[in-house]
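Novice: Chains as they are written, first to last, in the working numbering: chain A, 1128 to 1522; chain B, 1128 to 1522; chain C, 220 to 369; chain D, 220 to 369.
Since the hints were made in silico from the structure, they are not lab data.
Predicted, not measured: the structure shown is a model, and the values here were computed from it.
Some hints here could point you the wrong way.
[Stated by the list, open to error] Facing chain C, a subset of chain B residues (Cβ under 10 Å, in silico):
#	residue
1	V1157
2	R1160
3	Q1197
4	A1198
5	G1200
6	Q1202
7	G1203
8	D1258
9	Q1395
[Said to hold, decoys possible] Derived DSBU-like pairs: lysine-lysine, alpha-carbon spacing no greater than 30 Å straight-line:
#	chain 1	residue 1	chain 2	residue 2
10	B	K1146	D	K307
11	B	K1502	B	K1313
12	B	K1404	D	K324
13	A	K1358	A	K1146
14	A	K1146	D	K263
15	C	K263	B	K1146
16	B	K1146	C	K261
17	D	K322	D	K357
18	A	K1404	C	K324
[Stated by the list, open to error] Cβ pair distances, simulated, as ranges:
#	chain 1	residue 1	chain 2	residue 2	range
19	B	G1357	C	L239	49 to 59 Å
20	C	L239	A	D1318	21 to 31 Å
21	A	M1284	C	G334	20 to 30 Å
22	D	K263	A	A1283	50 to 60 Å
23	A	P1252	C	K307	17 to 27 Å
24	B	D1257	C	G255	50 to 60 Å
25	A	D1415	C	A253	38 to 48 Å
26	A	P1244	B	D1500	56 to 66 Å
27	C	D271	B	A1359	26 to 36 Å
28	A	A1283	C	E278	45 to 55 Å
No residue lacks a Cβ here, since even glycine has one placed at the ideal position from N, Cα and C.
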Amino acid sequence: MSTTRDIAILGAGMHPWGKWGRNFVEYGVVAARAALADAGVPWRDVQFVSGAATIRNGYPGQVAGATFAQALGWQGAQVNTSYAACASGSQALAAARAKILAGECEVALVIGSDTTPKGFLKPQPGDRPDDPDWVRFRIGITNPTYFALYARRRMAMYGDTLADFAAVKVKNAEHGLSNPNARYRKAFKADEVAASPIVADPLRLMDICATSDGAAALIVSSLAYASRIGKANAPRVAAVSTVTPSFASALVEMPDIATDSAIAAPAQSFRAALPRKAYEQAGIGPEDVSVAEVYDLSTALELDWMEDLQLCARGEAAHLLRAGETRIGGRIPVNPSGGLACFGEAVPAQALAQVCELTWQLRGQAGARQVADAKVGITANQGLFGHGSSVIVKR
Amino acid sequence: MSTTRDIAILGAGMHPWGKWGRNFVEYGVVAARAALADAGVPWRDVQFVSGAATIRNGYPGQVAGATFAQALGWQGAQVNTSYAACASGSQALAAARAKILAGECEVALVIGSDTTPKGFLKPQPGDRPDDPDWVRFRIGITNPTYFALYARRRMAMYGDTLADFAAVKVKNAEHGLSNPNARYRKAFKADEVAASPIVADPLRLMDICATSDGAAALIVSSLAYASRIGKANAPRVAAVSTVTPSFASALVEMPDIATDSAIAAPAQSFRAALPRKAYEQAGIGPEDVSVAEVYDLSTALELDWMEDLQLCARGEAAHLLRAGETRIGGRIPVNPSGGLACFGEAVPAQALAQVCELTWQLRGQAGARQVADAKVGITANQGLFGHGSSVIVKR
Amino acid sequence: MNDTVAGCNAQPFLEGWFTLDAERPQLLGNRCVACGTVYFPKLKSGYCRNPDCDGERFEETPLSRSGALWSYSNAAYQPPEPYAQVDKDAFRPFAIAAVELDKEKMIVLGAVVAGVGVEQLKVGMTMELKLGALADGKLTWMWAPAGAQA
Amino acid sequence: MNDTVAGCNAQPFLEGWFTLDAERPQLLGNRCVACGTVYFPKLKSGYCRNPDCDGERFEETPLSRSGALWSYSNAAYQPPEPYAQVDKDAFRPFAIAAVELDKEKMIVLGAVVAGVGVEQLKVGMTMELKLGALADGKLTWMWAPAGAQA
Ligand SMILES: [Zn+2]
Ligand SMILES: [Zn+2]
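Model the full structure from these sequences, guided by the hints.
Specialist: Shown next as structure tokens:
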């Protein structure tokens, strides 16, 4: 495909992940100003503000695009706020990409920020039998249950072991050790993971990611604008896939208690469809990928993603892991940032944080966690209710 | 500007406005199926579902794009959900337009649907001094207060009278009499408006719009796709403006209790900026407009919009009204659908309902409320927190 | 948790989601008359979710009582509300099953009856539907290894 | 509503939003040290909202006590909570003013003191700041025609 389908990433900025307990607007402004400074772009040049909503921070969170446009100073930019659970950041990026490719704007700010409550997420009070989220909690099915079901299925189908899952954690903890934006910077040994309490068999506490506060922002532009300011060689977004599932969706997904019935239509994998569309958009194949940032809500899920990304055949992910190929220095490093294991999830910011990491990797600015000669990076994530995304960045 | 900036409106569909008390998903599916049927487009051809969120219907409302993609049948379309208060529908349309102009998809479904609670909207419980919405209600400033302040200002500045405001209601009620999608289909006399109780001086109950349930959907496409299915002459979206305010924003707007301070930057009108950007995008001027659908949250606000749309000079709107020029048959009919006066506001659907009406007007399918030889239509609306939009439709 | 339910007056936690036959309970879904797709929980929007079907008529249908264990887990800690809460010390971990129904071609989740832990489960084994009580005494559906004494 | 406040122990409904000087109360905003823009309510994000200013330092500033009436209205019905509620029959409509502060170049809303209805207001007239009590006795700022006896 021609390069006219690409947009440039001029700047990336984050507010460090943590449990800071402050207003999400503060984090977002820090990330946005960092991205603008990194890009060398004045705020008034930004013609489109594409916000990823947070639904746990009152009305300002639900209008995140406008909230940040105001916080940075109303200057007449067009605005959009997208919500798509864990894929919100990617939807916001997709909106900016379309706006730029449509010739509607040259430079856009894409931003997501969150302040998360402490403890496990739980539903609103009150009896709501029509809400699948209420039903599943009522009978005792929490978020980790779903990750655990996928993990156990891998063990049964492919022979993955608890030691494999622990090895993902050990690898990601090592990757994130020196990442200044990571919340957890602590090395783990496999026996420490094994010794952590079981949350949802077969997953231990150390297999499952926490929730965090954090913010990430990108400045993206047309290639023409990038050239004009002397950044023709900036990394590029080559694809943003935000496809929905195809009926019948084969995998039971949060918050549902059942899958679609495949009586009248074939069962299909949603997760695998996400990168497939991204590869198609970018005209790039899995063999071209140098580095991947995937949504390790659990350690085992990282292995599912590797296969959905076609970085190896179905069932082969643990082999790559065991061979050290997914570590920095291996054939295809996965989560060099440290992943969700080191960050904890800040929902609207997380998909953008993945793209920030790829930007720094492709620029060669990732310091101790640099993947040598990274040329093409891919992200993957999935959220509730048929949301997910995969982004391809190249240079 | 070249026609490559346009997209085609192939289908429009609505669920009638009312106070039905059913789930918003039901209304939306009815509207979407009506729009698909009107377009003659099979659901599987739709490659992008652009939903306008509703924030009062639980999680399914916050992921409206995905909710309707699922309700109509997951088929792998890309998805987006936008939220922008009263402008949500236009943001969803803007997202679809950019996606099509970017060459990312050929056909999109744009959809908004709402079930609204009874009575005046009021904020969540609990003390929240950092939330302007809480502060203003705490000291007794409700939504009608803002409309009333604007109305009184018109009276002081331009000599508008209560009779003028009542005349807007009488006109819109007459327009909406035969509209099958309108909630209120009842003729009003000026003295009935005057006799209705004062809500917020100078506005009477009949000057202020209600909240409703309702749904509206559009099928939009590239011009190439429209030609291919024999609809080269379909009405076109020529512009979607979703600009934010420019600091310092001059008008005190819901839910704020003060304007920006204009000490360091000049005070600027947000409402006037919205159509200005639309005209610029479309390469069309106010003199080309045949019909307008504007957000008459109050009768007096319709007059403000006429001036913001540059359909007349500032302060002259009541003259046009008195001369009958804004009635169907006049020089520039305003709200031939009957407007919010006859519909009541269904937030995420309303901006799309405006475009549905213009579509039918431009096709000559508006029946008893047809504006003769309508060629160019414009919409305008404004919501909370720096959101607003203006859409231009032409044939 | 307590799965001794026969003959008691326990109420289901949701009405119309499953039969109360203590011996042979069944989940209650509905089926699109046009294309045969089965929904559990029942589809209430009135519009079939098969993208190639415009069906708007649905009839109630009981689901198969048994299927193959697709995967399983457990709740090692007490889930938050609305799960009925017990005293912290009284909480016993319980297993959770994802069971694939052959006829309906779908996977349905549920708790596993008390007394059956993850160590007694194996992917692929046959599971069947039982009733069991939540901590507040309300009945729910539960999965049990086929042939096990509930 | 009750505007007899001098000498009583009434508390403000929000702390730090206005001074409690019964004679000459003032709204409390803050001002960007870099560009001079004034914020009311105080800007708390720490980042100036002037798009051409990167200011991150703010100092508290009292607002002008008087300005020109930009527009006005009233609450003919009792507003919903969190407005302090009174018995339906006890509710008296009250006026609301939007006042333009010359020095700050901004418009600030507020209720008008009890006893002054819309018929006594005229766009352009000078209004000044007073204190008044909400139905629960908490103090708020209110606008009054300049020179009127509060
Ligand atoms: Zn069907
Ligand atoms: Zn400043």
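Novice: Looking at the structure, which of the earlier hints fail to hold?
Specialist: 8, 9, 13, 20, 28
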